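*Asks:* Keeping their order, the protein sequence lines are chains A and B. At position 3 of the first sequence the residue is numbered 3 (full-length UniProt numbering), and the sequence of numbers has no breaks. At position 106 of the second sequence the residue is numbered 106 (full-length UniProt numbering), and the sequence of numbers has no breaks.
No wet-lab data here; the hints were simulated from the structure. All of these numbers come straight from a predicted model, not from anything done at the bench. We put the CB at the ideal spot given by N, CA and C, even for glycine. There are no misleading hints in this set.
Below, a sample of chain B positions facing chain A; criterion: calculated Cβ distance under 10 Å:
(1) L65
(2) S66
(3) G68
(4) P223
(5) G224
(6) A245
Pairwise CB distance ranges, derived in the manner of DEER restraints:
(7) A:L161 x B:M120: 38 to 46 Å
(8) A:L161 x B:T85: 14 to 22 Å
(9) A:A119 x B:G336: 52 to 60 Å
(10) B:R163 x A:L161: 46 to 54 Å
(11) B:T127 x A:D97: 35 to 43 Å
(12) A:N77 x B:R210: 25 to 33 Å
(13) B:A172 x A:K145: 52 to 60 Å
(14) A:K140 x B:P77: 29 to 37 Å
(15) A:T76 x B:T127: 25 to 33 Å
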Amino acid sequence: MRRLNTAMTGAIAAGFAVLIGCGAPQAGAPLAGADADGSAYLLAEEPDGAMGVIQAREAAHDGDPIVLVGRIGGATNPWVEGRAAFTLLDPSMLVVDESQGMGEGQLCTGDCCATERQACTTLVKVVDPQGQLVAVDARKLLGLKEADMVVVSGTAKKDELGNFQLLATGVHVRR
Amino acid sequence: MLGARLLPWDYGVRNLFRRPSRTTLTLGGMTIVVLLVLVVVGFIRGLERSLSATGSPDVVLVYALSSGADIENSSIPGSTASLLTASVEGVRSHHGVEAVSPELYLATRINAAGMAEPGMGLVRGVTTAAPLVRGQVQLVEGAWPGPGEVMVGRLAYSKIGARQEDLSIGQALSFDGADWTISGRFAAAGSAFESEVWAPLADLQTTLKRQDLSLVAVDMDSPGRVADVDLFCRERVDLELKAVAEADYYASLQKHYRPVRLLGWIVVALVAGSGVFAGLNTMYGAVVGRVRELATLQALGFRRRAILLTLVQEATLLACAGAILACLVGLLVVDGAAVRFTMGAFALRVDSVGIAIACGVAALLGVLGALPPAAKAMRLPVVEAIKSV
Chain A
1 MRRLNTAMTG
11 AIAAGFAVLI
21 GCGAPQAGAP
31 LAGADADGSA
41 YLLAEEPDGA
51 MGVIQAREAA
61 HDGDPIVLVG
71 RIGGATNPWV
81 EGRAAFTLLD
91 PSMLVVDESQ
101 GMGEGQLCTG
111 DCCATERQAC
121 TTLVKVVDPQ
131 GQLVAVDARK
141 LLGLKEADMV
151 VVSGTAKKDE
161 LGNFQLLATG
171 VHVRR
Chain B
1 MLGARLLPWD
11 YGVRNLFRRP
21 SRTTLTLGGM
31 TIVVLLVLVV
41 VGFIRGLERS
51 LSATGSPDVV
61 LVYALSSGAD
71 IENSSIPGST
81 ASLLTASVEG
91 VRSHHGVEAV
101 SPELYLATRI
111 NAAGMAEPGM
121 GLVRGVTTAA
131 PLVRGQVQLV
141 EGAWPGPGEV
151 MVGRLAYSKI
161 GARQEDLSIG
171 QALSFDGADW
181 TISGRFAAAG
191 SAFESEVWAP
201 LADLQTTLKR
211 QDLSLVAVDM
221 DSPGRVADVD
231 LFCRERVDLE
241 LKAVAEADYY
251 ASLQKHYRPV
261 RLLGWIVVAL
271 VAGSGVFAGL
281 NTMYGAVVGR
291 VRELATLQAL
301 GFRRRAILLT
311 LVQEATLLAC
321 AGAILACLVG
331 LLVVDGAAVR
341 FTMGAFALRV
351 DSVGIAIACG
361 VAALLGVLGA
371 LPPAAKAMRL
381 PVVEAIKSV
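Bound-form chain A, shown alone (with noise of 0.2 Å):
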């Protein structure tokens, strides 16, 4: 009988080894981070002749040098993740609950102001002196955030299809 009970619980104490030991293990690979130095982007003088994304976009051609003004928004996300490059609005132009009704000069993350969002918006990418775009999350990079002011130096990228970028050297924060 002893032998009998001892079986029973070695039984019972397998059966719970077994079953819990039934699941596949989890794999997860980390991420490897660049290192770059963002101070050789940050401007600690503010640029003259800033101009705001509305403006540019009318007057800028492509190749020319430009300086921006803008806040870092207008987009649900506007970073890229992993990328020295975020989205850039308009300074007069303001980002309201898409629940709210929209007045002059402001709008909304949703759909219903794509095209608006498209004219007061532009794509700022920090690029290293050889035109390369610096793989390296603007946030770390810049230590910037969003709702940011900030004034962007560098060269307009723009085609007949209405894109518009900005090609930045230079990022001064307004704090």
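Dock chain B against the given chain A, drawing on the hints supplied.
*Replies:* Chain B in isolation, oriented as in the chain A frame:
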């Protein structure tokens, strides 16, 4: 020294066999409680797995900016796939073929042979590039669909409300005014694709009289490259596209099901709680009937603590046996059972987490269920207890 005063281990085990009907009833009750816990945890785990297994970190979905978060509402030009291939670097290539999958995705009424009325199903128009991007998809039976043919996911029958045999190879399906023959059946590692019907893209476009796409799925050679597709969509605002990592897309869908999961865990707590009360009730009955026996043990010199331990041992052994029975039933019957939900269908999943929770609940039932009645019985004076009927 403490060990010398304890009752023999065998005593508790033998007691279980001494009252076979009471033991069987208690065992049955505990098994049902643990099985209920296992089913609810299996539901939550199955739902979580279905959504998490669908999203791959390297795959990015490109669809219409104006479609909100719903791919079904998306409509993008048919040329988007070739445009992406030409414009974005880092697209994974398999033997010279780039892993870019143009797809048309829709929810529609599907009728199968044997169904009284059509059920709502999910149809995805794909090309042969789809398996390059959706690496978890495996053809388990039959062949890739040719013209006028479709292949069905492992759980598609559940989504459309048909019987499994209605969607076997060679059977006919009809949707959107066309008849299709089932050429194959596929599995997709528990992901949401398993509840879909896949048709050749060109055929589906012809049937629907559409030349557009719903989305393009692109497999990048590293998760870091997903940002390059996002960048392309932001640069080319004229195309009105947006790029979302597939893992993020399905993670956002998981948020919608958070209340369901929360409710599931509440049910687990309630079932476990009611199980403890049922166990308490049973153990009160069991202990009350053994008051004289327990008092005799005290009279023989065994300490109350030792008798209490034996009662806990009996209850815990019974609960653990119930847990093992429930887990076996769970693995044999519950595991893999299909459940339909808005986004498709998923299989109940009895995995290590569910089993660990079920066993934990069983141990709790054993210990908590036995302690109060045992403590109550031990409080009776020995002389009074021996005289009790």
